[in-house]
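Asker: Go ahead and model the full structure; you've got the sequences and the hints to work with.
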Amino acid sequence: MGMKGLNQQEFTAWADAYLRGELSHEDQLKFEMYCAENPANAELFAQHKAFLTTMKRAESRSNFKRNLEHIAQDYHKVHTPKPATKVISLWDRLKLNAAVAAAIAIVSVFSTLWLTGYYKNLRKATSDYSALRRDMNTVKRNVNAQNAAIQNINNTKDNTKDNVKETMHYGATGFMITKNGYVVTNYHVITGADSVHLQNHKGESFKADIVFTNPEKDLAILHINDSTFKSIKSIPYTFKRQDSDMGEDVYTIGFPRDEAVYGQGYLSSSTGYAGDTLAYQISIPVNPGNSGGPLLDKEGNVIGIISGKQKGIDGAAFAIKTKALMETLNSIPADSLNGKNVVLNNKNLLQNLSRTDQIKKLQDYVYIVKVY
Amino acid sequence: MSKEKSDLQIDSEIIDGIREGDNLAIQQLYQIHFPPIANMVINNRGSREEAQDIFQETVMVLYNKISDGDFVLSSKLQTFLYAISKRLWLKHLTRGEAKYRKDSIDDYGESLAAEEVIEDHEMKEANLVQMEDALNGLGEPCRTILYDFYIQGESMAAICEKFGYTNADNAKTQKYKCLQRLKKIFFKK
Numbered sequence: 300m301g302m303k304g305l306n307q308q309e310f311t312a313w314a315d316a317y318l319r320g321e322l323s324h325e326d327q328l329k330f331e332m333y334c335a336e337n338p339a340n341a342e343l344f345a346q347h348k349a350f351l352t353t354m355k356r357a358e359s360r361s362n363f364k365r366n367l368e369h370i371a372q373d374y375h376k377v378h379t380p381k382p383a384t385k386v387i388s389l390w391d392r393l394k395l396n397a398a399v400a401a402a403i404a405i406v407s408v409f410s411t412l413w414l415t416g417y418y419k420n421l422r423k424a425t426s427d428y429s430a431l432r433r434d435m436n437t438v439k440r441n442v443n444a445q446n447a448a449i450q451n452i453n454n455t456k457d458n459t460k461d462n463v464k465e466t467m468h469y470g471a472t473g474f475m476i477t478k479n480g481y482v483v484t485n486y487h488v489i490t491g492a493d494s495v496h497l498q499n500h501k502g503e504s505f506k507a508d509i510v511f512t513n514p515e516k517d518l519a520i521l522h523i524n525d526s527t528f529k530s531i532k533s534i535p536y537t538f539k540r541q542d543s544d545m546g547e548d549v550y551t552i553g554f555p556r557d558e559a560v561y562g563q564g565y566l567s568s569s570t571g572y573a574g575d576t577l578a579y580q581i582s583i584p585v586n587p588g589n590s591g592g593p594l595l596d597k598e599g600n601v602i603g604i605i606s607g608k609q610k611g612i613d614g615a616a617f618a619i620k621t622k623a624l625m626e627t628l629n630s631i632p633a634d635s636l637n638g639k640n641v642v643l644n645n646k647n648l649l650q651n652l653s654r655t656d657q658i659k660k661l662q663d664y665v666y667i668v669k670v671y
Numbered sequence: 003m004s005k006e007k008s009d010l011q012i013d014s015e016i017i018d019g020i021r022e023g024d025n026l027a028i029q030q031l032y033q034i035h036f037p038p039i040a041n042m043v044i045n046n047r048g049s050r051e052e053a054q055d056i057f058q059e060t061v062m063v064l065y066n067k068i069s070d071g072d073f074v075l076s077s078k079l080q081t082f083l084y085a086i087s088k089r090l091w092l093k094h095l096t097r098g099e100a101k102y103r104k105d106s107i108d109d110y111g112e113s114l115a116a117e118e119v120i121e122d123h124e125m126k127e128a129n130l131v132q133m134e135d136a137l138n139g140l141g142e143p144c145r146t147i148l149y150d151f152y153i154q155g156e157s158m159a160a161i162c163e164k165f166g167y168t169n170a171d172n173a174k175t176q177k178y179k180c181l182q183r184l185k186k187i188f189f190k191k
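Keeping their order, the protein sequence lines are chains S and B.
Counting the first sequence from 1 gives a position; the numbering used here is that position plus 299.
Counting the second sequence from 1 gives a position; the numbering used here is that position plus 2.
Read the hints as simulated data drawn from the structure, not as lab findings.
Where is the CB? At the ideal position from N, CA and C, for every residue including glycine.
It is possible that some hints are incorrect.
Cβ-Cβ distance ranges computed for the label pairs, FRET-style [unchecked claim]:
(1) B:L26 with S:N645: 40 to 48 angstroms
(2) B:L75 with S:D434: 57 to 65 angstroms
(3) S:S653 with B:I12: 51 to 59 angstroms
Answerer: And the structure:
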């Protein structure tokens, strides 16, 4: 149909040969010339080419889709949770009956307990929450008592008076929150303290003042007040104000004994003891003395402060969220600060370090809190 | 730093793999990217089956973008896939009987870009589906002749032999007729 006696079929065959690279260089040029001279054929060629592209795309698309469906099937076969069984659907039907039965059971249990006076006894029992300060005198006092007993055998003179006079002595953990010497620990650690001393892992000891306490959130802010303490350049960790997610990998450093002890675990619940929304439940082995220790995530952000654990439940420890620390810091009256402002660090120097290097950097800022 | 780098590497490996039709890459895509998207759908009133459909459609969007040849990943692959799935799921929810307030899982900004990608995808997809239907409606031996010649790039001589044509001219005429028929079906729709 085209010019020079070339019909559409012949032109298409020529175009195919051109597209498939079957023409010699000379013939390629001839084809291009022909198209240039015959706009109608140029148009036809463009259409033909586009059509073939669509055809190829459609073909590879349907291949890809078929593959995708196979892979998806295999994937879901392995990963799909098992469908609800008949037992469960039976449960669905009987849920209401079960709920009514359970309600009656609960009412009768509690009324029986009340009638038998169980609650009167219960009131005497203590809570199952235990704060984690360490009574450092226990061992010493036991030894002293033994010594006293031995001495009593030899010497009738009563020297137990000294032991009575001896004040209680607690130990826990605290960590620095600003480079000008503010330190946070738990309120229960320093409650009733005559004096507070902070000792770092190198053995240097500093006297600290209690600047502010928040019994409700169980936080205490201390300030190092000691001529031997020099302001430090910067603190390596930052404080994460948003809540962290369940399952996050977390760790702490504390002083359940006189040496720093590392503990590692995960964030097991976004609320603390008895549903406290300002605390996390964490699964880290903690012991008396861990109270007040920093809880860090894997990037080296402080996300909380270790505060206690639940008695009789394995791996249920609690940490106060950083949010509560922020609220406490904001509520400190200006005149308590003596002009030394609380300026938090916002540059994280731990982020890309290995865990051991993170610990090396941060342990200079974690203290044993000694309370007399 | 090093972790981000490897994430980027994994992203580009997956994209290259999809371009080359590598099944391992598709498997990896599922392993890494299906779970968060399934969560998004399931947490927004979807079933696991619906999550699977949404994810498959999302992968098709990605595939078509990659086949366009000009695909440059401006964000993480996860971000791209998540934005597309979210948009597709919203469209699904607001379509027909599913009552769900659109803005509840929608935040503006990114959704507009995703919307554009999806519109472009749907247009191209319609065209390709039409071609697929046309090819399927063509019947034999036309389909195989065209497939062998245009897709597989086989020579006319080979096709001639395969279909037992007595001379090459007959085969050529047959092929041309087949192509014309395909065009007719494709453009008529």
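Asker: Take the hints in turn and mark each one as holding or not.
Answerer: Going down the list of hints, with the structure as the test:
{"no.": "1", "hint": "B:L26 with S:N645: 40 to 48 angstroms", "verdict": "holds, 43 angstroms"}
{"no.": "2", "hint": "B:L75 with S:D434: 57 to 65 angstroms", "verdict": "holds, 59 angstroms"}
{"no.": "3", "hint": "S:S653 with B:I12: 51 to 59 angstroms", "verdict": "violated, 22 angstroms"}
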